[in-house]
Amino acid sequence: MNDEQLTQRLKAASEAIEISDDAQGRHLEAISAALSAGDVIPLSAARSTRRRQVIASIVAAAVIVPAGLAAASEDAVPGDTLYGIKQLSERVLVLFDSDIIARHRVEEIEALEDSGRTEPALYDDAREALTELGEDHPLWERLSTSPATLADEDAGEPDPVDDDYRSDTEEVPIAPLRLVLDLPDGTEATIIVEAGRIVDITTPAGWDVSEKEDNEATLESRSYEVEIDLQPEGALRAEVTARADTDDDPSADDGGLADSDIDEPDEPDDDETGSTSPEDDPEGDSSDDTEDGAEADSSEDSEDDSDSTDDDGDSSGDDPEDDS
Amino acid sequence: MRRAAAPQTTTLIEESPAIAPRTTDHSLALRIGSGEAMAFTELYELMAERLFRFAYRMLHDKGAAEDAVQHAYLELVRARPKLEEDRSLEAWLFKSVRFTCLDEVRRRSRRPEIPSDQLPEEGTDDIIVLIDPELEQALSMLTPQQQEVLHLKHVEGYDGSEIAEIVGSNRAAVYAMAARAEARLRKTLEPVESATDPASSPTRES
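Read top to bottom, the protein sequences are chains A and B.
The working numbering puts the first residue of the first sequence at 1, with every later residue one more than the last.
The working numbering puts the first residue of the second sequence at 1, with every later residue one more than the last.
Chain B on its own, in the form it takes in the complex (with noise of 0.2 angstroms):
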């Protein structure tokens, strides 16, 4: 059984300091501890769109990103007893959004998967129209490990070492990360202004 071997008991929400809470506040946190219906409800509320993007991003597939969305929440309501009252909830979940995906993407890469949205029978019409294909064409040339530190910085905005709690990585590796994918999107985006050589090629980049 080789998955076996892959999972190891660090934890997901004990290990690293808490980044500050954003969205979500002390209360709320109590709140949802406590096992309040309608906290979770304006958790969801709060977060789900954001956590949404993030896990299409990772995974470009419409119904994967809404069940790792779900699969936050329920992991949630289980392991709302041992959330701590300062802990941020909203760190907590995109953790949980991504050990998700990040496994879907391992298990696709073992075994090429059709996207539920191009399976025939459901969702046909429910696919995402992306508005910037060339960014998306540049986005795919990048890592999915890439892809998510440059969303976590530039549309959601969060500072190194808050990226770096979500990713369960260091402030300097972060920044790393996110200079290399930037490089990288400029170079495919603007080949003439980036690159001095004009006959490199836009695409390829080993």
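Chain A on its own, in the form it takes in the complex (with noise of 0.2 angstroms):
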């Protein structure tokens, strides 16, 4: 068989797979999701249709502005009824362009500008984000030439160095958010969060909120074990860790309940008996559950960067928030 042969011989074979048209169907109905910013992202849960269980982490980044209204906030500055609205539809914006914050206060500040108006705060807030893109963006050139900022530094404003600059984002006052977790089971919780902080949480029958702090808490059912976590740009990060069943193995409840050691308990049953507890356990579910489980935990390191899944292959460029 000679180099064309093996070609034809191999095109002809590949081109026996094709996707599905059902399966189209759903990826492009998960992309537009993810296009739309008023929408869920729920990328690794998309990720898992198929699977048995949830297996990884899900980073839920929700939010409740529809499009249309986070678009006709787009020109608000401050003061008008809709720039609260453009501030939060920014913290999920801001997931897919880093640059957002920065560019909507220079643009604000042009726009005030334009109509004879000063607004100061702007002029910090730019600053924070355009400190946070770094010192050679190009947006700092439109900051700097603006009158107004001279006017500012002649005062004897003091260099805008503050590493605290989500805590002070955080103050701005906004409308609580109301975030949409997706729980493993299929219910969804509702967690409330208003200025940075975690408020309130509505869990579906068969769960309960077993600690709750501003920033994080934990969901449990009978199966599984949720831990939430805000970030600081407002998306929600959920852990989630299947619980063994309690019925089968008491001590392996106690045990799976401390998500990041979860790994280590397992380890050896992964490598010495993996193979044989999936036979030895009757209930294929509870082995299933504890597996899986451990998994959810341990593809955490790749979900953090950007769900891309390789020693040489975390995606660069997928992580705008991470790169400021």
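Please note: incorrect hints may appear among the correct ones.
Stated by the list, open to error - Anything over 10 angstroms on all C-beta distances counts as not near chain B; from chain A, calculated:
| hint | residue |
| --- | --- |
| 1 | Asp3 |
| 2 | Ala12 |
| 3 | His27 |
| 4 | Ser32 |
| 5 | Ser36 |
| 6 | Gly84 |
| 7 | Trp207 |
Claimed, not checked - Have a look at the derived ranges for each label pair, beta carbon to beta carbon:
| hint | chain 1 | residue 1 | chain 2 | residue 2 | range |
| --- | --- | --- | --- | --- | --- |
| 8 | A | Asp136 | B | Glu134 | 55 to 61 angstroms |
| 9 | A | Ala205 | B | Ser161 | 37 to 43 angstroms |
| 10 | B | Val129 | A | Glu4 | 22 to 28 angstroms |
| 11 | B | Gly35 | A | Lys212 | 34 to 40 angstroms |
| 12 | B | Asn170 | A | Asp114 | 51 to 57 angstroms |
| 13 | B | Gly35 | A | Arg117 | 28 to 34 angstroms |
| 14 | A | Ala205 | B | Gly35 | 36 to 42 angstroms |
| 15 | A | Ala16 | B | Met141 | 18 to 24 angstroms |
Rather than coming from a laboratory, the hints here were simulated on the basis of the structure.
All residues carry an ideal CB built from backbone N, CA and C; glycine is no exception.
Work from the hints to combine the two standalone chains into their complex.
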């Protein structure tokens, strides 16, 4: 068989492999949902649609701002009715566009100057946002050439070096965020976030809130434990741990709860007796649960960066919030 | 945590030189960069089937291959502000799918898993029927790395440096791997022609 014949044969064999219309429809829907910032972005949840269990931590960034309203607020300046909406949608959009906050502030400054007004707080906000983006960001030019800024600096304003930028922005009074979290059993919890803090959590039947602090909380059901963690940019990170079946193995229940520890106790099982445990366990489900829990935890590393999966594979580009 | 050590900081799209744009062009990349929904749809239609074949070749699991394709596009949605205009979207997507697949392969090697095609509750009626069992059998004896290089070379028609960019290797290594894989495939498929010793087993090779 020469090279060309080999190619022909491989090609012909591959042509039998066709992606189904059903999958294409699902994918296009997921893509468009991810593109419209007003929508839930269930990145890893979408990926595991065909899995029996939730296998990875869910990055659930959800907002209630309808896309149309977000667009209408695009040109709002401080004092406008829609300005709060604009700030709210920024928190999500910044996930896709790291420059958006600085750009908005600079544009607002320019818009206000055009109408003969100034808003000193905007300059601080703009500088803070730009400091996050780096000293050589092109937007600095637009900001520093503004006469109002020069006047500001003449007045002896100290350098805008502020390492507590995030807590500052969280003080901006905005409407409470209502975040919807998809739970691994298909139900939803609602988390109300106000000023960067979790203020209230509504859980469906069968779920309890076992711990709640300002920016993290733990939800528990009979089969799962979900730890949620509110990120400064307003996204919600959830980590799902499947519990071992309580009836089967009480000790696993105890041990299984500590999230990042679950990998350790599991490890010997995996390596030494991993092949036997599924058969030994009369209930396939419960063993699956344990395994999946461990997996959810171990995939966390890749989730953190990009959801991409490989050693050399963290797609650099995908985490705008990381690189400021 | 075993896996915590694995991820390194090497970047997906910024390290190596771009391979020349093929089906994707400058303007599509620009439109992707600006988040135009139509551009994503176009790119999906251009590439989804090819990515799916590639993923299926590596995973032999329809559901997992579909997930890998979707994942690549969702990654692209998130990564688009960073994409450079002249960066080949095609190579980027192949890389992304590949990472997902290799991760899946690694995960399975840690813990044997039934492909979702074989799970009783769903998907039993949409297993992909392969038309060349003899070839599939021969391919299954290659390593995942050999299979991917063979696929990229013969089915996708990429040249050595394009493949090297996708698999994160260099051209010489890609050529060597392809040659080894081809030799092995031929030996399996045509034991009599390629082996001078007629007694040599058609399938055994260590």
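Quick rundown of the hints versus the structure:
1. Asp3: Check fails; 8 angstroms does not lie beyond 10 angstroms.
2. Ala12: Answer for alanine 12/A: violated, closest chain B Cβ roughly 7 angstroms.
3. His27: Histidine 27/A not clear of chain B: closest Cβ-Cβ about 5 angstroms, inside 10 angstroms.
4. Ser32: violated, 6 angstroms
5. Ser36: The claim breaks: serine 36/A does not keep its Cβ more than 10 angstroms from every Cβ of chain B (closest is about 8 angstroms).
6. Gly84: holds, 24 angstroms
7. Trp207: holds, 24 angstroms
8. Asp136/A <-> Glu134/B: 55 to 61 angstroms: For aspartate 136/A and glutamate 134/B the Cβ distance comes to about 60 angstroms; the hint holds.
9. Ala205/A <-> Ser161/B: 37 to 43 angstroms: With Cβ atoms ~58 angstroms apart, the hint is violated.
10. Val129/B <-> Glu4/A: 22 to 28 angstroms: holds, 26 angstroms
11. Gly35/B <-> Lys212/A: 34 to 40 angstroms: At roughly 36 angstroms between Cβ atoms, lysine 212/A and glycine 35/B fall inside 34 to 40 angstroms, so the hint holds.
12. Asn170/B <-> Asp114/A: 51 to 57 angstroms: Distance hint for asparagine 170/B, aspartate 114/A holds at roughly 55 angstroms.
13. Gly35/B <-> Arg117/A: 28 to 34 angstroms: At 32 angstroms between Cβs, range holds.
14. Ala205/A <-> Gly35/B: 36 to 42 angstroms: For alanine 205/A and glycine 35/B the Cβ distance comes to about 39 angstroms; the hint holds.
15. Ala16/A <-> Met141/B: 18 to 24 angstroms: holds, 20 angstroms
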